[in-house]
Amino acid sequence: MIRGPLFWLALILGGLVGAVPAFAHKSSDSYLSIAANGDALDVRWDIALRDLDIAVGLDPDEQGQITWGTLRRRFEAIDAYALSRLALTGDGLACPAGPVAHLVDRHSDGAYVVLEFTAHCPAAPHAVGIQYRLLFDLDPQHRGLVTVSDGGSVHTSVLGPERSFLAVNLQGGGTSGFWEFVRLGAEHILGGRDHLLFLAVLLLPALGRVRPGRVVRTLGEIAGLMSLFTLAHAVTVTLAALGLIQVPASIAEAAIALSIAVTAIDNIRPILGQRRGVIAFGFGLIHGLGFASALGPLSLSVWPLAAALIGFNSGIELVQLVLAVLAAGSVLLARRLFAAGAGFAGADRLLRAGSLGIAILAGFWFFDRSTALMGGL
Amino acid sequence: MPTKCLGAARAGCAALLLGLVAFARPVLALPFIPAGDDIVLETLTPPGDPALQELRALAAAERAAPDTLAPAIAYARRAVEFARRNGDPRYAGYAEAALRGWLARADVPPAAAFMDAVLRQYRHDFTGALGILDSLLAARPGDAETRLVRATVRQVTGDIAGAAADCDALEGRADYLVVAACRAAAVEAAGEPARAARILDIALALPATPGLRLWALTLAAEQAARRGDRAKAERRYQEALALDRNDLALISSYADFLLDAGRNRETRVLLGSDTKVDAILLRLALAARAEGDDDAADLIRIQAERFAEAKLRGDSSHRREEARFALVLQDDAPAALALALQNWQIQREPWDARLVLQAALAADRPQAARPVCAWLAAHGNTDVQLARLVAALGGGS
Chain A
3 MIRGPLFWLA LILGGLVGAV PAFAHKSSDS YLSIAANGDA LDVRWDIALR
53 DLDIAVGLDP DEQGQITWGT LRRRFEAIDA YALSRLALTG DGLACPAGPV
103 AHLVDRHSDG AYVVLEFTAH CPAAPHAVGI QYRLLFDLDP QHRGLVTVSD
153 GGSVHTSVLG PERSFLAVNL QGGGTSGFWE FVRLGAEHIL GGRDHLLFLA
203 VLLLPALGRV RPGRVVRTLG EIAGLMSLFT LAHAVTVTLA ALGLIQVPAS
253 IAEAAIALSI AVTAIDNIRP ILGQRRGVIA FGFGLIHGLG FASALGPLSL
303 SVWPLAAALI GFNSGIELVQ LVLAVLAAGS VLLARRLFAA GAGFAGADRL
353 LRAGSLGIAI LAGFWFFDRS TALMGGL
Chain B
31 MPTKCLGAAR AGCAALLLGL VAFARPVLAL PFIPAGDDIV LETLTPPGDP
81 ALQELRALAA AERAAPDTLA PAIAYARRAV EFARRNGDPR YAGYAEAALR
131 GWLARADVPP AAAFMDAVLR QYRHDFTGAL GILDSLLAAR PGDAETRLVR
181 ATVRQVTGDI AGAAADCDAL EGRADYLVVA ACRAAAVEAA GEPARAARIL
231 DIALALPATP GLRLWALTLA AEQAARRGDR AKAERRYQEA LALDRNDLAL
281 ISSYADFLLD AGRNRETRVL LGSDTKVDAI LLRLALAARA EGDDDAADLI
331 RIQAERFAEA KLRGDSSHRR EEARFALVLQ DDAPAALALA LQNWQIQREP
381 WDARLVLQAA LAADRPQAAR PVCAWLAAHG NTDVQLARLV AALGGGS
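Sequences listed follow chains A and B, in order. The number in my numbering is simply the position in the first sequence, starting from 1, with 2 added. The number in my numbering is simply the position in the second sequence, starting from 1, with 30 added.
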């Protein structure tokens, strides 16, 4: 009674105050990689020997070490244990595992057994389901790092006790991952009022100058500005996808609102100088941060990552070009309909009024987001 | 002209993407079939290790009585302790598994909630840990153990006044050395190192259990080093090492002390070769690099892989170590600064401040260190190394 609590106190204290406790061995992970190939799923599964030792016992003679010989004697037990905790399905139907080949690989934290097998689905699946339960009963901090590929696209996920099921839609085609990202890019720009509003204030002055006879020139000017915006946007998104930068969403959001307000004010009273291109690029970097904060590092290998990034940014650029053509077209149409009369003064007034409205709205967003930011700190 | 600009922009965009993509992550190595049955693939904790045997016995007791709380708590406590001492987070996971059923209940037993808080603290979920500790203390303000853990979490997260209040409340409820060490840490952090040293010196002169003594000695050594009293720090470290040469917190701390003194050879001897433990690997790499050893590049590469794998898993709790790695071993001051600043939002111990200051200095961005300088000034910094860094940064003004 007297010794008990204090003894424990001492033990807990020993670790509590030291600077290192959690920074120790790597935690327990397995690496499950599945390649879909027609009705076959080619599986490679790396499981740490230290984990298998706890689960099925790899050191029966208590030698304090695992040799290839002792490991080989336990293959059957390892397969029974691991395969009973992984269920692969194709469109909801079981894909049973074929014979298992056993190899060894070294990760940065030690030796892993590599299980290689092919699971056969009843038919070539459109969607693969993975139910993963390895080790969760013994170590809830265990994670399964899953990669599913089907030629073109690669999907990665981290499975844990709270999320142990993963469904991946297979695309089937070599470039489908690319188009998926084009669509994502298009949705990103269409769904973000921040981006549309910024583009509107950026392009308003040039749009105001559209008139028959200089349509091509104006369109070129607009496209140039937007490409600079996309380029800068691409830079920050790429850096985020590679895990090289990480920006808190709250800061990026506030900066974006500020960039819209500043550009809108610039339309009314120039404060940023004449270099519209520089504005497009500089603020493009900031707008990229907004998405970067949501994206984080994509765990893809080289080519899928390149395809994803190029696809994503192409989607953005595509939508912007379509929108610019539509906007220029409507300005032209409006001029023809209301002809003469209004003239320059009217267009100028419209530009100022529109910019003022946007400046006030964006200013309000900035205030709102930055106070939220202060509150969060 | 504009169309040309558009083309150039697209070409530039593509070139940039491809250029950046070229730096993408490494792929898995090739698996192999070992050449013979007697090839050793993995070394485990020796089965004869007394701590491991005791842990196994406790695990068996827990399995035998799954509906009784006491064996589960006993096993979980010993498993966390084992995880800490050996630097193996798997055992913290095993502790969590033993508690799972109890934590899922409608009314969680306080003992299980307490262990949940300890595990959260271990995983650097300080907010989660504090929430549990607060409600436990609201119900049972006299619980010394809970209060001590909260004092420690408050100290780590920079709530110095809160930590001091918890230490004061321990008076008469815990071992004298526990109260003294707790108070000394808070007193030092509040800007009175001489008083902190006196408190610890007196307490260490009294008898105590070896585990507790080792912890207090480590603390005393670190405080002496921060005051700039190297001789006394060395003495305290040696006393602690005489009690146990394998305590991970102790040898990590002593290794840092040796590295600061440029005693790289001794660092390597102290740490041995257990590169599986990240805390050891990082310091081995630092010593090897400082000494220009042949294996420096290998050690740095393994550590980089370890960080990359942790990132795949979504683990960002090691930003302090990552910042140090980026700053010293990858010479990437801007990255180190970003990591150190993120870490500063979560942890506020001397090392956390030091990394922000060093990285800001190396990146030539003194203004980025301003929040840290202000915090140090507000708490009356007395750490000689931090003071030098603040001065080098222009006084933090």
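Derived from the structure by calculation, the hints contain no laboratory data. Glycine residues also receive a C-beta, built at the ideal position from the N, C-alpha and C atoms. Worth double-checking, as some hints may not be accurate.
Looking from chain B toward chain A, a few residues come up when the C-beta cut is under 10 Å (computed) [claimed, not checked]:
1) 60
2) 69
3) 71
4) 334
5) 343
6) 417
Numbered hints the structure breaks, given as an ascending list: Of the numbered hints given earlier, the structure breaks just one, which is hint 6.
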